[in-house]
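S.K.: These are the residues of each chain, in order.
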Amino acid sequence: GIQVEQSPPDLILQEGANSTLRCNFSDSVNNLQWFHQNPWGQLINLFYIPSGTKQNGRLSATTVATERYSLLYISSSQTTDSGVYFCAVVNSGYSTLTFGKGTMLLVSP
Amino acid sequence: DAGVIQSPRHEVTEMGQEVTLRCKPISGHNSLFWYRQTMMRGLELLIYFNNNVPIDDSGMPEDRFSAKMPNASFSTLKIQPSEPRDSAVYFCASSTRTVLSPQSYEQYFGPGTRLTVT
Chain A
1 GIQVEQSPPD LILQEGANST LRCNFSDSVN NLQWFHQNPW GQLINLFYIP SGTKQNGRLS
61 ATTVATERYS LLYISSSQTT DSGVYFCAVV NSGYSTLTFG KGTMLLVSP
Chain B
1 DAGVIQSPRH EVTEMGQEVT LRCKPISGHN SLFWYRQTMM RGLELLIYFN NNVPIDDSGM
61 PEDRFSAKMP NASFSTLKIQ PSEPRDSAVY FCASSTRTVL SPQSYEQYFG PGTRLTVT
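Residue numbers (our numbering), protein chains in the order written: chain A, 1 to 109; chain B, 1 to 118.
No lab work stands behind these hints, which were simulated from the structure alone. Careful, some of the hints might be misleading.
No farther apart than 30 Å at their CA atoms in a straight line, the calculated lysine-lysine pairs in the BS3-like style are these [stated by the list, open to error]: (1) B:Lys-68 to B:Lys-78; (2) B:Lys-78 to A:Lys-101; (3) B:Lys-24 to A:Lys-101; (4) B:Lys-68 to A:Lys-54; (5) B:Lys-68 to B:Lys-24; (6) B:Lys-24 to B:Lys-78.
Have a look at the derived ranges for each label pair, beta carbon to beta carbon [said to hold, decoys possible]: (7) B:Gly-42 to A:Thr-80: 22 to 28 Å; (8) B:Asp-63 to A:Pro-9: 32 to 38 Å; (9) A:Pro-9 to B:Pro-61: 42 to 48 Å; (10) B:Glu-83 to A:Gly-41: 19 to 25 Å; (11) B:Gly-59 to A:Asn-24: 21 to 27 Å; (12) A:Lys-101 to B:Ser-87: 17 to 23 Å; (13) A:Ala-17 to B:Asn-51: 43 to 49 Å; (14) B:Thr-96 to A:Pro-8: 41 to 47 Å; (15) B:His-10 to A:Pro-9: 26 to 32 Å; (16) B:Ala-2 to A:Ser-7: 24 to 30 Å; (17) A:Pro-9 to B:Glu-14: 32 to 38 Å; (18) A:Met-104 to B:Glu-14: 30 to 36 Å; (19) A:Trp-40 to B:Thr-96: 23 to 29 Å.
Backbone N, C-alpha and C define an ideal beta-carbon position, used for all residues, glycine too.
So here's chain A without its partners, still in its complex pose (with noise of 0.2 Å):
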């Protein structure tokens, strides 16, 4: 099956600075969806984005599909977005999500 690796697997920041995920996959796709989990445990949807860029607030995101990877951009930093950031991609001719094993975030004060 498709293989998703995610990097790094731990990050630690200081609030205000930027930061830059990276997912790579092993296939073509037809779906990739960033989620943040929470400390509560939710899953939170970020971005639908099979390819192309899209922002919201102060995260963007970018696919490049015909390379396989995709990026998430967080800028100035907030304690609210410490958690675990997962992508996830559809296998192009198949139905269901893989998951990356994702990057722990923790931001401090």
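Given the structure of chain A, go ahead and fit chain B onto it with the hints provided.
M.R.: Using the frame of chain A, we list chain B on its own:
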């Protein structure tokens, strides 16, 4: 919209007992997914339904697990008998994707059910 609704939010049971988890998808969504999250295996798909029909149950770990979707607004995941290794967070998700559509659509997750089997 209320989003995907799951119940109970927490369940603690003893080994050997039957456990039933419930999910109400977002109104109008015709695909429903059950996932399990553990520290060892991360997030993995158990089963998904399209138009109330099970399409892929290859992720269901064994015969102790069963899932049903009697109508478009309700699904259950049952574990009988439960074992300590079933302890995990179980998520339900829904989307508007169809089997015949070449595209996949965004999935929305419920808050999860944290199951502890002692």
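S.K.: Between A:Lys-101 and B:Ser-87, does the C-beta distance stay in 17 to 23 Å?
M.R.: 20 Å, holds
S.K.: Decide if the proposed pair is consistent with the structure: B:Lys-68 and B:Lys-78, CA atoms, cutoff 30 Å inclusive.
M.R.: OK: B:Lys-68 and B:Lys-78 at ~9 Å, within 30 Å.
S.K.: Verify the CB-CB distance for A:Trp-40 and B:Thr-96 against the hinted window 23 to 29 Å.
M.R.: Holds, at about 27 Å.
S.K.: B:Lys-78 and A:Lys-101 were given as a pair; does the straight-line alpha-carbon distance stay at or below 30 Å?
M.R.: 26 Å, holds
S.K.: Sort out whether B:Lys-78 lies within 30 Å of B:Lys-24, counting only the CA atoms.
M.R.: Holds - the C-alpha atoms of B:Lys-78 and B:Lys-24 are around 15 Å apart, at most 30 Å.
S.K.: Is B:Lys-68 close enough to A:Lys-54, meaning Cα to Cα at most 30 Å?
M.R.: 37 Å, violated
S.K.: Given the range 22 to 28 Å, decide if the beta-carbon distance of B:Gly-42 to A:Thr-80 lies inside it.
M.R.: For B:Gly-42 and A:Thr-80 the Cβ distance comes to about 24 Å; the hint holds.
S.K.: Against the range 32 to 38 Å, how does the distance between the Cβ atoms of A:Pro-9 and B:Glu-14 compare: consistent or not?
M.R.: 35 Å, holds
S.K.: Lying within 19 to 25 Å: is that true of the beta-carbon distance B:Glu-83 to A:Gly-41?
M.R.: Since the Cβ atoms of B:Glu-83 and A:Gly-41 sit about 22 Å apart, the hinted range of 19 to 25 Å holds.
S.K.: Has the hinted range 42 to 48 Å been met by the Cβ atoms of A:Pro-9 and B:Pro-61?
M.R.: Given range 42 to 48 Å: violated, Cβ gap about 26 Å.
S.K.: The hint says 24 to 30 Å between B:Ala-2 and A:Ser-7; measuring C-beta to C-beta, is that right?
M.R.: Violated, at about 36 Å.
S.K.: Using the Cβ atoms, figure out if B:Thr-96 sits within 41 to 47 Å of A:Pro-8.
M.R.: 34 Å, violated
In summary, the numbered hints that this structure violates are 4, 9, 14 and 16.
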